[in-house]
Structure formats: structure tokens, C-alpha cells
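Residue numbers (the UniProt record's numbering), protein chains in the order written: chain U, 1 to 308; chain V, 1 to 308.
There's no promise every hint is true.
Put simply, identical chains are the same to the list, so a pair is met inside one copy or across any two.
Result set (DSS-like, lysine-lysine): computed pairs, CA atoms no more than 27 Å apart in a straight line [claimed, not checked]:
{"hint": "1", "residue 1": "Lys27", "residue 2": "Lys297"}
{"hint": "2", "residue 1": "Lys269", "residue 2": "Lys230"}
{"hint": "3", "residue 1": "Lys239", "residue 2": "Lys186"}
{"hint": "4", "residue 1": "Lys128", "residue 2": "Lys27"}
{"hint": "5", "residue 1": "Lys297", "residue 2": "Lys3"}
{"hint": "6", "residue 1": "Lys130", "residue 2": "Lys230"}
{"hint": "7", "residue 1": "Lys296", "residue 2": "Lys3"}
{"hint": "8", "residue 1": "Lys239", "residue 2": "Lys154"}
{"hint": "9", "residue 1": "Lys27", "residue 2": "Lys229"}
{"hint": "10", "residue 1": "Lys10", "residue 2": "Lys269"}
{"hint": "11", "residue 1": "Lys239", "residue 2": "Lys44"}
{"hint": "12", "residue 1": "Lys130", "residue 2": "Lys27"}
{"hint": "13", "residue 1": "Lys297", "residue 2": "Lys245"}
{"hint": "14", "residue 1": "Lys130", "residue 2": "Lys186"}
{"hint": "15", "residue 1": "Lys90", "residue 2": "Lys297"}
{"hint": "16", "residue 1": "Lys125", "residue 2": "Lys90"}
{"hint": "17", "residue 1": "Lys125", "residue 2": "Lys27"}
{"hint": "18", "residue 1": "Lys130", "residue 2": "Lys229"}
{"hint": "19", "residue 1": "Lys154", "residue 2": "Lys90"}
{"hint": "20", "residue 1": "Lys136", "residue 2": "Lys125"}
{"hint": "21", "residue 1": "Lys229", "residue 2": "Lys3"}
{"hint": "22", "residue 1": "Lys269", "residue 2": "Lys3"}
{"hint": "23", "residue 1": "Lys296", "residue 2": "Lys269"}
Hints are computed from structural coordinates only; laboratory data are not their basis.
Spelled out from the first residue to the last, the chains are:
Protein chains: 2
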Amino acid sequence: MGKTFIFGHKNPDTDSICSAIVYANLKETLDFDVEAVRLGALNKETEYVLHYAKQEAPRLIEKVEEDVEQVILVDHNEFQQSVDNIRDVKIAEVIDHHRIANFETADPLLFRAEPVGCTATILNKMFKEKNVEISKTNALLLLSAIVSDTLLFKSPTCTEEDVAAARELANIAEVNVEEYGLDMLKAGTDLSDKTITELLSMDAKEFTMGSSKVEIAQINAVDIAEIYKKQAEFETEMKQMIETKGLDLFLLVVTDIIHSNSEVLALGKASKNVEDAFQVNLAANRALLEGVVSRKKQIVTNLGATFH
Amino acid sequence: MGKTFIFGHKNPDTDSICSAIVYANLKETLDFDVEAVRLGALNKETEYVLHYAKQEAPRLIEKVEEDVEQVILVDHNEFQQSVDNIRDVKIAEVIDHHRIANFETADPLLFRAEPVGCTATILNKMFKEKNVEISKTNALLLLSAIVSDTLLFKSPTCTEEDVAAARELANIAEVNVEEYGLDMLKAGTDLSDKTITELLSMDAKEFTMGSSKVEIAQINAVDIAEIYKKQAEFETEMKQMIETKGLDLFLLVVTDIIHSNSEVLALGKASKNVEDAFQVNLAANRALLEGVVSRKKQIVTNLGATFH
Numbered sequence: 001m002g003k004t005f006i007f008g009h010k011n012p013d014t015d016s017i018c019s020a021i022v023y024a025n026l027k028e029t030l031d032f033d034v035e036a037v038r039l040g041a042l043n044k045e046t047e048y049v050l051h052y053a054k055q056e057a058p059r060l061i062e063k064v065e066e067d068v069e070q071v072i073l074v075d076h077n078e079f080q081q082s083v084d085n086i087r088d089v090k091i092a093e094v095i096d097h098h099r100i101a102n103f104e105t106a107d108p109l110l111f112r113a114e115p116v117g118c119t120a121t122i123l124n125k126m127f128k129e130k131n132v133e134i135s136k137t138n139a140l141l142l143l144s145a146i147v148s149d150t151l152l153f154k155s156p157t158c159t160e161e162d163v164a165a166a167r168e169l170a171n172i173a174e175v176n177v178e179e180y181g182l183d184m185l186k187a188g189t190d191l192s193d194k195t196i197t198e199l200l201s202m203d204a205k206e207f208t209m210g211s212s213k214v215e216i217a218q219i220n221a222v223d224i225a226e227i228y229k230k231q232a233e234f235e236t237e238m239k240q241m242i243e244t245k246g247l248d249l250f251l252l253v254v255t256d257i258i259h260s261n262s263e264v265l266a267l268g269k270a271s272k273n274v275e276d277a278f279q280v281n282l283a284a285n286r287a288l289l290e291g292v293v294s295r296k297k298q299i300v301t302n303l304g305a306t307f308h
Numbered sequence: 001m002g003k004t005f006i007f008g009h010k011n012p013d014t015d016s017i018c019s020a021i022v023y024a025n026l027k028e029t030l031d032f033d034v035e036a037v038r039l040g041a042l043n044k045e046t047e048y049v050l051h052y053a054k055q056e057a058p059r060l061i062e063k064v065e066e067d068v069e070q071v072i073l074v075d076h077n078e079f080q081q082s083v084d085n086i087r088d089v090k091i092a093e094v095i096d097h098h099r100i101a102n103f104e105t106a107d108p109l110l111f112r113a114e115p116v117g118c119t120a121t122i123l124n125k126m127f128k129e130k131n132v133e134i135s136k137t138n139a140l141l142l143l144s145a146i147v148s149d150t151l152l153f154k155s156p157t158c159t160e161e162d163v164a165a166a167r168e169l170a171n172i173a174e175v176n177v178e179e180y181g182l183d184m185l186k187a188g189t190d191l192s193d194k195t196i197t198e199l200l201s202m203d204a205k206e207f208t209m210g211s212s213k214v215e216i217a218q219i220n221a222v223d224i225a226e227i228y229k230k231q232a233e234f235e236t237e238m239k240q241m242i243e244t245k246g247l248d249l250f251l252l253v254v255t256d257i258i259h260s261n262s263e264v265l266a267l268g269k270a271s272k273n274v275e276d277a278f279q280v281n282l283a284a285n286r287a288l289l290e291g292v293v294s295r296k297k298q299i300v301t302n303l304g305a306t307f308h
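Just chain U, with the same shape it has in the complex (with noise of 0.2 Å):
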């Protein structure tokens, strides 16, 4: 059997990164021939975590090359966030918790998706079912994964499942899980020497609405007016990537993680859908969405509904 490739999404988080770094240990661990990479670059949280843990960054691809065998995904599913080639690899496992959407395989495969936080509280679990103790350095990814996507657990997506395996993994990294995550997600703000490109696509999705193609990308902040004195440059770039994308709406959205509220700002030929679909007014192409911190259950699920 050949080398395995194991990867997040593309604008890899830190859930994407570190999940697959662990389970390409895990799986090291189990005897299988596998290689954590990445499909995009590091974000400064991920960076912040990655040192911390004293732990290389995946190398990152641009493509799965001819000598792999197959491959693994984490944190994600469809086709349109993964590499560029997926549809022409083998697709051996993956591992999730987002929906299920644009995939497809020819043969039967390990999916293992549930509905969680954090693809991490599932690797946790995963150690125990093949009975593989979690080095320190692991847990410290793992907790930094599930810290990452549930915003210190004051995400909507945030289950108890997710809350008691970032306990158990903190005693074993010996962090405080509120004192280093706060520093953590901190780290992910500090946006000073990013372009608006940068921006906009460090960690940008893209979904299939309806008939429609949405770009969906999310800034983390302590202060959302100070991304939004960039609005006009922002808007020159969404115009620009809604022509070359062909997409019909490009959202961003901009969110407080210390008061978990989002504002977003809004383009394209169906920003009505934003307005119907979270009961708000666009003004001057803007809105807040009190309370809404994830995309995936609070945006994806409320905008898709609104396309046909």
C-alpha cells in the first residue's frame, strides 16, 4: 500500500491543520504510511498554536501527486473546498463535522461524520476506541482545534461532548484552557500585515446554494469597526472576486469574539437573500447579526434556506 495524504480544507483553520497533524500521528502510530499537508497557508492563530507546540507546519500541496494512493480528508467534505483534484484520488477516509454536500465516491469508504464542534472531539475519541494514549503535544492541538472552532465554547455549534474532551485534553497539554485560549484566538485577530486579498480568503468557503455559488468568508476580531474602515477596499475586491468566481453572493462576515455578534457585509446579485434570510436590513451594504458567531449553523443553515 502506497503513501496516504491526510488534509484539511483549503484556507486551512486551525481545526484543519491540527486535526490532521494528529491523526497522521495516530495513524503513524497504528503502522499506515501517511503525510498531514495542507491545502493553503497558516493563519496566525494556527501559527500561534504551532509554536507554542514546538510543532512543523504540514507541507503544503498544490495538488495530490500521481504516487499517492489515496487520501484522507478532515474537517470537510465537499469537492469545492478540498484539492483541486480530488475527483481524480482515491478517497479512503473521512473524518467531519460539517454537512454533507458536493461528494461522492465510486467505491464504499470509512465516513465518519457527527454533529460536533470540532473534528478534534472526534480524533479524541478515536484514540480510546484503538486504545492509543494522546501524547502531550497532541492534546495541546486537539484542544487548540476545539477552542478554535467553538470560540472558547460560546459557539451555537459548542456541544457538551465538545466541552468535556477540551477538559480532558487540557489536563493532559497541563494549559489553562481559558487563559491560553483567550491568548489563542487573540493571536488569530492580529491582522496587521495581511492584504484585503489575505483577508478575504483566510478562511473563505465556498458552498453551492440552490443553483447559486455563495463565498462565505469570516474574519475574527476584538474590534469590527476597525476591519470595516477597509470597507471600500473590501468592496473593490469582493466586486472583482463575484466577476472572476462567477459567484452570486460573496458574504463577509466580520464577527466580536469577545461579544459573539457579526457583522457582515454583503455582495452580489442575491445580498437580498441576506436580508430575508436573518430578518435584517442591508445598509450601505452592511448589517449586524446579533449573536451569531458560526457560520456553519448559524449562517449556512439560515442563508441556504432562502435559495431555491
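Following the hints, put chain V in place on chain U, whose structure we already have.
Same frame as chain U, but now just chain V:
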């Protein structure tokens, strides 16, 4: 939380019926309000199993009624094999062992697919994970599903896990696997009271391959020649179904369960694909496929690769 329906695919086989019943039992033990239902008539093999187990058949449904809150799919995921209004209902869980295709959800869910020979093998593990003891009746039902799907361990879809699970379950059920299994499979080949239409639909599944619609019906037999005495009648009916359903290919697979071969009858404008897929020549629309017994692993995969 309202009621949850649990069901397998249309034209249900023994795995689809038994896994629905047994998973409903497990869920009830865990205090969920569930009902096992079925999407079609029982075949003779499943009737034999339920009679032996002194177990009522699940209720037949045409569609999921509006007061049902959500559904759990076992033994399938492709929407065209599921209940007609599957797109209008919330899918809470999928427990399956097939390829994934034509499936999508708006929300995250529990999706557990494993590349094993039978859904029942996964359920056997789930009882252990949940620390619930398997009753004698449930063990017999799960064992029957494994025997059916693996043709008493002779199908290439059969894994070591399936064999191990069947041995465990046979102990609990207190039956001799080989004797009980062969009796059960033979009961399934009693087709004396079936019309041509029933024979073609009792284990038929529709697949999308490339942009083509392919229907594959399978009949288990102890004497292939006996079945093909009615070839002319099969062809008349198959042509009509090709017309009505707009099929590109209708493939009838008659499988000799004793010698593990199949003889196929192929009609439709894509019947040439059958020759390419299996390196055979159709004579009078028929060809013998040596060693082929599994629709999933030997037919769908090879045939699928010839459609683009």
C-alpha cells in the same frame, strides 16, 4: 423531540429490514422514540428470517408523514434508493456500508459508513460501544443480514470483521451458521409465486453513472438456466421499464449462490458498456461473469468506470 423513522432502501433486502429493526431496538433501549419501517415488500429470504425469529415485519410506508420529526437511514444513502420525499425530511443519522453519492444535508449529522460487507456488522459494534447487550433475537437478525449480504461469506465484499461478527452473533443466537445460512439463502431462491415484474423489482437499484441512468436488478438462484427460460418475458418487461424510467441500461444479474457466478442480461443503449466493463461479448444479450456475485463491489464499480 418527535418520532424518528428508521428504514433501509427501496426493494428491501434482509440487511435493510433487519438492520432497521435492530437499530430501532437499540435506540429504544437508549430511550429514543423510534419506529422501524420499510419501503417495499419483503422478499422470500427475509420472510424466512422473520418467521424463524418470530419477529413482525416493520410497517410499510409510502412516504414519511408530516408528524415524523426526523429519519435515520440504514443500509443506503443515495436519495434515489430512499423514500420519495427524502429531500423534505431531516436526516439525523446514516449507518451504511455503500459508496456515498447523491446525498446531501443542510446540517451536520451522524454519518457512519464503513467499508464492511454489511450494515449489521457496524450495528454489532455499536451495541458494544453503547454497552447494550444483544438479545438472542437481535443477534439472529443481525447474523441473517450478514449471511445475506455476504452470500454466506463468499462475496468479495465480505471482510474479516463480517466473519468475526457473524461468529459472535451465531453464538448468541445459538444457531449453526452454515446450516441456518444455507437454508435462509435457499428460501430466498423460491421464486415460484413471483411475476416477471416482481422478479425484476424485488432487488433492483437505480444508479447514476456519469450522465446515464442505470438500473441493476439481482436475482439469487440455485439454477441460472431455470430463470432464463423466461428470457423473452424478462426482455419485454425490461424494455418497457427502460422506456418508462428513461434508463440507458437495464442489467439483470442472475447469481448462482452455490457456484458463485452470475449470468447477466443487458438491454438499453448502453449495453455495450457491459462488454467493456467485464471484457465479455453479449450473445443474445447475455453473458456469463465468472466469479461475480457482488453488485456493489464487482458490478457497480467496474460498470461505473465505463461511463463518463
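Comparing the hints with the structure gives:
Taking identical chains as interchangeable, the C-alpha atoms of Lys27 and Lys297 lie at most 27 Å apart only when they sit on different chains, with a minimum of 26 Å there against 30 Å within one chain. Taking the shortest alpha-carbon separations for Lys269 and Lys230, only the intra-copy value of 22 Å comes in at or below 27 Å, while the best inter-copy value is 59 Å. In this assembly of identical chains, the alpha carbons of Lys239 and Lys186 never lie at most 27 Å apart, being 29 Å within a copy and 66 Å across copies at closest. When the C-alpha separation of Lys128 and Lys27 is checked against a cutoff of 27 Å, the pair qualifies both within a copy, at 13 Å, and between copies, at 23 Å.
Proximity of Lys297 and Lys3 under a CA criterion of 27 Å is satisfied inter-copy only: 23 Å between copies versus 35 Å inside one chain copy. For the homomeric pair Lys130 and Lys230, neither the shortest alpha-carbon distance inside one copy (49 Å) nor that between copies (53 Å) is at most 27 Å. Within a single copy, Lys296 and Lys3 get their C-alpha atoms only as close as 32 Å, which misses the 27 Å cut-off; across copies the closest is 26 Å, which meets it. Taking the shortest Cα distances, Lys239 and Lys154 never come within 27 Å of each other, neither inside one copy (32 Å) nor across copies (59 Å).
With identical chains, the CA atoms of Lys27 and Lys229 are never at most 27 Å apart, being 46 Å at best within one copy and 53 Å at best between copies. Taking identical chains as interchangeable, the C-alpha atoms of Lys10 and Lys269 lie at most 27 Å apart only when both belong to the same chain, with a minimum of 25 Å there against 41 Å between chains. Proximity of Lys239 to Lys44 under the C-alpha cut-off of 27 Å is restricted to the intra-copy arrangement: shortest distance 26 Å within a copy versus 62 Å between copies. Taking identical chains as interchangeable, the C-alpha atoms of Lys130 and Lys27 lie at most 27 Å apart whether they share a chain (10 Å) or sit on different chains (24 Å).
Taking the shortest Cα distances, Lys297 and Lys245 sit within 27 Å of each other inside one copy (25 Å), while across copies they are farther apart (38 Å). Proximity of Lys130 to Lys186 under the C-alpha cut-off of 27 Å is found in neither arrangement, the shortest distances being 35 Å within a copy and 39 Å between copies. Taking CA atoms no more than 27 Å apart as the test, Lys90 paired with Lys297 passes between copies only; the shortest distance there is 15 Å, against 30 Å inside one copy. Taking the closest pair of Cα atoms, Lys125 and Lys90 come within 27 Å of each other both inside a single copy (25 Å) and across two copies (26 Å).
When the C-alpha separation of Lys125 and Lys27 is checked against a cutoff of 27 Å, the pair qualifies both within a copy, at 14 Å, and between copies, at 21 Å. Taking identical chains as interchangeable, the C-alpha atoms of Lys130 and Lys229 are never at most 27 Å apart, the minima being 50 Å within one chain and 53 Å between chains. When the C-alpha separation of Lys154 and Lys90 is checked against a cutoff of 27 Å, the pair qualifies only between copies, where the shortest distance is 26 Å, while the shortest distance within a copy is 37 Å. Taking the closest pair of Cα atoms, Lys136 and Lys125 come within 27 Å of each other only inside a single copy of the chain (16 Å); across copies the shortest separation is 30 Å, beyond that limit.
Within a single copy, Lys229 and Lys3 get their C-alpha atoms no closer than 47 Å, and across copies no closer than 50 Å, so neither meets the 27 Å cut-off. For the identical chains of this complex, Lys269 and Lys3 are neighbours neither inside a copy (44 Å) nor across copies (40 Å), given an alpha-carbon limit of 27 Å. Only within a single protomer do Lys296 and Lys269 lie at most 27 Å apart by alpha-carbon distance; the minimum there is 22 Å, versus 44 Å between protomers.
Of the numbered hints stated above, those contradicted by the structure are hints 3, 6, 8, 9, 14, 18, 21 and 22, listed in ascending order.
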